[in-house]
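**Q** Sequence:
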Amino acid sequence: MKSPVRCSESVQEALRFRKCYTFVNMLTTAVSIRPASPADRFRLDHLIHSTHILHNHLDWRPPHEWLGQRPFHFALLGDRVVGALAAPPDPPGVAWIRLAAVAAGYPIDGILNLLWDATLESWIDLRVSQVSCMLIDHWLKPHLQRRGFALLNDVIVLRRQRGAARPVAGSLVDGVRLRSAKSSDIEAMTAADNAAFAPPWQYSASVIQRAMGQARFATVAEAGKEVVGYQISSGGREGGHLARLAVYPHLQGQGIGRALVSQVVEHFERRGASQISVNTQRDNAPSIAIYRAFGFEITDEHYEVWQFTL
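So the sequence shown is residues 1 to 310, counted in my numbering.
It cannot be assumed that every hint is accurate.
[As the list claims (entries may be wrong)] No farther apart than 16 Å at their CA atoms in a straight line, the calculated lysine to aspartate or glutamate pairs in the EDC-like style are these:
{"id": "1", "residue 1": "LYS182", "residue 2": "GLU238"}
{"id": "2", "residue 1": "LYS141", "residue 2": "ASP125"}
{"id": "3", "residue 1": "LYS225", "residue 2": "GLU187"}
{"id": "4", "residue 1": "LYS141", "residue 2": "GLU304"}
{"id": "5", "residue 1": "LYS225", "residue 2": "ASP174"}
{"id": "6", "residue 1": "LYS182", "residue 2": "ASP154"}
{"id": "7", "residue 1": "LYS141", "residue 2": "ASP109"}
{"id": "8", "residue 1": "LYS225", "residue 2": "GLU269"}
FYI, nobody ran anything at the bench for these hints, they're computed from the structure.
Taking the hints into account, I'd like the entire structure generated from these sequences.
**A** What follows is the structure, given as structure tokens:
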């Protein structure tokens with residue numbers, strides 16, 4: 001009696017790979033892509049809460065508020081949503097990957113490839129020139145690399161513990177004063193923001209408006225009747241967060257940024273916040289110097305930012 005033929009491990013692995021490849025190919029062939037609409041809120045929520053293969057951008061807007069904007073696509077297998085990719089430009093010409101998700105148990109590469117092709121068409125149609133992605137979870141990194149993304153920068157997190165040493169607030173430049181920000185300042189704040197930052201870091205007026213609506217503390221620096229800088233902070237007793245700080249470039253180095261940061265520290269200290277955090281680019285030496293002067297320490301927490309140029 002002949003003994004059964006045993007395949008080598010390499011042959012068995014090749015057979016498993018072939019079966020897997022065939023399955024993935026058949027599955028992705030059956031997947032359709034369509035734009036996501038505001039009526040898809042329930043489907044989107046179900047996908048987000050039922051998968052661990054999820055990238056959710058650190059954003060002022062939750063994912064469902066991007067529904068109906070281009071490009072935001074669903075991947076469907078029959079009636080089931082098995083993937084989503086959202087990256088509408090805001091401001092125009094510059095997009096961030098706001099959401100990327102694949103349902104658990106489905107081929108990540110195959111689903112993302114289909115979503116990417118549809119999204120790329122929309123970017124070209126909308127004349128998007130830059131697409132960026134801040135990596136929260138690194139599962140998405142190899143997919144970005146295969147699509148031509150390159151490492152742009154690293155966003156670092158600094159924290160200041162309550163009671164940390166801080167410098168005595170210096171005097172402001174003559175004619176400059178700080179006051180509470182108002183909704184009527186949004187246009188001027190946007191102009192200051194876009195002067196202080198280059199793409200893809202700029203905020204649109206709609207983002208600043210939303211940030212103002214969620215802020216616990218927001219102030220502007222005013223020279224005469226012109227807004228020349230601003231800060232927006234969120235959080236409470238558990239901890240504050242300096243979410244945005246911007247000063248016109250020609251006025252930087254004159255103590256305006258320091259005065260705004262000093263106000264933020266004083267505000268949260270008075271309210272008993274245990275700590276204050278802030279994010280900035282690793283190569284933003286002037287801002288890091290200001291934060292460190294106020295007792296902020298660089299932490300191990302950081303997020304890579306990758307960028308694709310069309």
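**Q** A separate judgement is required for each hint: does it hold in the structure or not?
**A** Each hint, compared with the structure:
1. Between LYS182 and GLU238, the direct Cα distance comes to roughly 25 Å. Violation of the 16 Å bound is thereby established for this hinted pair.
2. Pair hint LYS141 plus ASP125 does not hold up; C-alpha atoms about 25 Å apart against a cutoff of 16 Å.
3. For a cut-off of 16 Å, the pair hint linking LYS225 to GLU187 stands: about 13 Å separates their Cα positions.
4. For the given pair, LYS141 sits about 9 Å from GLU304 by alpha-carbon distance, which is consistent with the 16 Å threshold.
5. Taken as a hint, the LYS225 and ASP174 pair is honoured in the structure, with Cα atoms around 13 Å apart against an allowance of 16 Å.
6. Between the alpha carbons of LYS182 and ASP154 the distance comes to roughly 32 Å, so the proposed pair goes past 16 Å and is violated.
7. This hinted pair checks out: LYS141 and ASP109 have alpha carbons roughly 12 Å apart, not beyond 16 Å.
8. Among the hinted pairs, LYS225 with GLU269 is inconsistent with the structure: their alpha-carbon atoms are about 30 Å apart, more than 16 Å.
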